[in-house]
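Undergrad: Note that the protein sequences, when read in sequence, are chains A and B. Here the first sequence stands for residues 1 to 371, numbered as in the numbering used here. Here the second sequence stands for residues 1 to 371, numbered as in the numbering used here.
Please note that a few of the clues may not be correct.
Which copy is meant is left open, so a pair is good if it fits within one copy or across any two.
[To be verified] Pairs of lysine-lysine, BS3-like flavour, derived with a Cα cap of 25 Å:
| id | residue 1 | residue 2 |
| --- | --- | --- |
| 1 | K2 | K82 |
| 2 | K290 | K240 |
| 3 | K131 | K14 |
| 4 | K158 | K290 |
If you're looking for bench data, these hints aren't it; they were derived computationally from the structure.
Number of protein chains: 2
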Amino acid sequence: MKIHGIPYRSLWVKQGDPHTIQLIDQRYLPHKFVIEEIRTLDEIASAIQEMHLRGAPLIGVAAAFGMYLALLDAPSDQSLEKIMEDASSRLKATRPTAVNLQWAIERQLKVIRRMRSKEEGVQLLFEEAQKMAEEDVESCRRIGEHGLRLIEAIRAKKGGGAVHILTHCNAGWLACIDWGTATSPMYQAFDKGIDLHIWVNETRPRNQGASLTAWELGQHGVSHTVIVDNASGYLMQRRKIDLAIVGSDRTTATGDVANKIGTYLMALAAHDNGIPFYVALPSTSIDWEKREGISEILIEERRAEEVTHIQGLCDGEIKKVLLTPRETQVANYAFDVTPRRLVTALITERGVCPATEEGLLQLFPEKRMPP
Amino acid sequence: MKIHGIPYRSLWVKQGDPHTIQLIDQRYLPHKFVIEEIRTLDEIASAIQEMHLRGAPLIGVAAAFGMYLALLDAPSDQSLEKIMEDASSRLKATRPTAVNLQWAIERQLKVIRRMRSKEEGVQLLFEEAQKMAEEDVESCRRIGEHGLRLIEAIRAKKGGGAVHILTHCNAGWLACIDWGTATSPMYQAFDKGIDLHIWVNETRPRNQGASLTAWELGQHGVSHTVIVDNASGYLMQRRKIDLAIVGSDRTTATGDVANKIGTYLMALAAHDNGIPFYVALPSTSIDWEKREGISEILIEERRAEEVTHIQGLCDGEIKKVLLTPRETQVANYAFDVTPRRLVTALITERGVCPATEEGLLQLFPEKRMPP
């Protein structure tokens, strides 16, 4: 999507220099726009680990390029097998719970088996990483197409005025390569000239809404307002929201949705006020093995510092401030599970379906168990 | 309640010096404990306006002492009527929407009509302000007594282990003179030796939970954990909360509750999980004229800066940092309305009642309309 009017992706191969990967260093957003150049496995591993980039799809693609850089950069006296093994464990250790990371590395390991020389291997890994990036773009673009039709239907029903959409966290293009998941229908509606307004939950504790989604939307020119998460219920109660679209970190085969902490509260308020609540997700994030989100999905507990401290701009510098009494005990649950009964529909790259097992199987018939 | 083991109130007359009011300057909490000394009308008006103190009951008592200081401090060549009129408009302008402020000033204006000399007036205003402080303490103490019985009942039902209570914002003793409203049952249970644990919502945007409630509870020795507001639904879903107690800024005659933004979301999650959701309130905050909270209670919109910036401790200094992109549009709704259907019961100084018109009238029969 656009930054200062120029189309960007979150990560790309430097023009004219295939040995260099460029990416937007998200640690400084929204205050500073920094492009980082990556040339080695170590650099990409650090970038993933220290969250220069985040978002499951983007992490996957970054890791795929990491495998390519590892081979490109490797001393010629090392066995190729050992190089790939080391790179794979180095990358997997950066974010141990990220499913896409494992998946992207496995895919590169499969590719490498076809190579007959180091040169060919480098070429194969490069092409596969680029293919994964393009696949992600295409998947997000399709989610946007399907979601756009939902927005158009709501606009038609509404008659006139802007369509007001609530979103939580950053399921935006900064979490993917382009388009985003939850934001893709918004960008497509905007690009088509549909009058819309996005209400952006700041999304404590890491404030990805206030710092990333607000920045994304602002750069692309989409009208939006940031609110504290607490205000989303009020807005729905007062009919200031027409629909909600959020992303998903993991969706069960039955339609339960694990997503950023607070999503469940938004879904409750949407349900209480008869407002459609949509979840946009690439099918790669469906966990076909799981049936009951609340009992089966393990919720990550993260560092207390994400709650006790917050980063912001002060006198032109990015600083962290302490919010709580110094010795206060803090708990930091990263996700919650929204039961399928609160989800109006799932928006996938193959289309829109009810948040039910049958709904998902209609779109993904290859997942049906043989009778 | 206690600070470093010593009993405190939020505001008091300096021992041995009735010309000086002392108060805890809440702007620096939880990072610095500052006691401010107030000797003039101007000083108390600034303290209210610039939120050295906040919370409806405390603001009322502070304003009552302000009227006293105004007369005490007045030059002898001014008419007493003019002094009182000026003081009254100066104080009323500090927080125009605070009902208790108006009420406290009117009460002092009524008292002053009885005086026959300036000296007597000063004495009467001083005594009335002290009486109002004591009445608030007594009202909060009784709320605590009634709430304590609810906690005891839940403990009995639970069998063993700590009773886990969720609270939102600061309906604590820092918002009153002592005890607090929502916190009063907690302090009484704690003082009685009941094993309890308080889950404290940080309460964006002003973070009164993280900065004031957590500090209060910590100083008094009550076990507690701070969470982001988004996490309260998760905790209820996982049965980590036994009951919720919140305060109220205004309650309708029918039991709808206006309280700090986000309360509605907590109530929805409590209801969805069958967890009792109690609202503690002094009857002075009941608006007997209003019947439908959502349509009749006007919700204050506050400055964007409360959302875009946050205050915290950085390198030993209290600093404000910017959280959003510099030009992002922000909305800041201060309160929301929790419909009575989501409230298990109201805890008042006269007892516990259902959140219904009949429930309230049973406790406050003098409010029944003549047939």
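Undergrad: Now tell me, hint by hint, if it's right for this structure.
TA: How the hints compare with the structure:
1. Proximity of K2 to K82 under the C-alpha cut-off of 25 Å is found in neither arrangement, the shortest distances being 41 Å within a copy and 63 Å between copies.
2. In this assembly of identical chains, the alpha carbons of K290 and K240 lie at most 25 Å apart only when taken from different copies (23 Å versus 35 Å within one copy).
3. In this assembly of identical chains, K131 and K14 lie within 25 Å of each other by CA distance solely inside one copy; the values are 16 Å within and 74 Å between copies.
4. For the identical chains of this complex, K158 and K290 are neighbours neither inside a copy (37 Å) nor across copies (31 Å), given an alpha-carbon limit of 25 Å.
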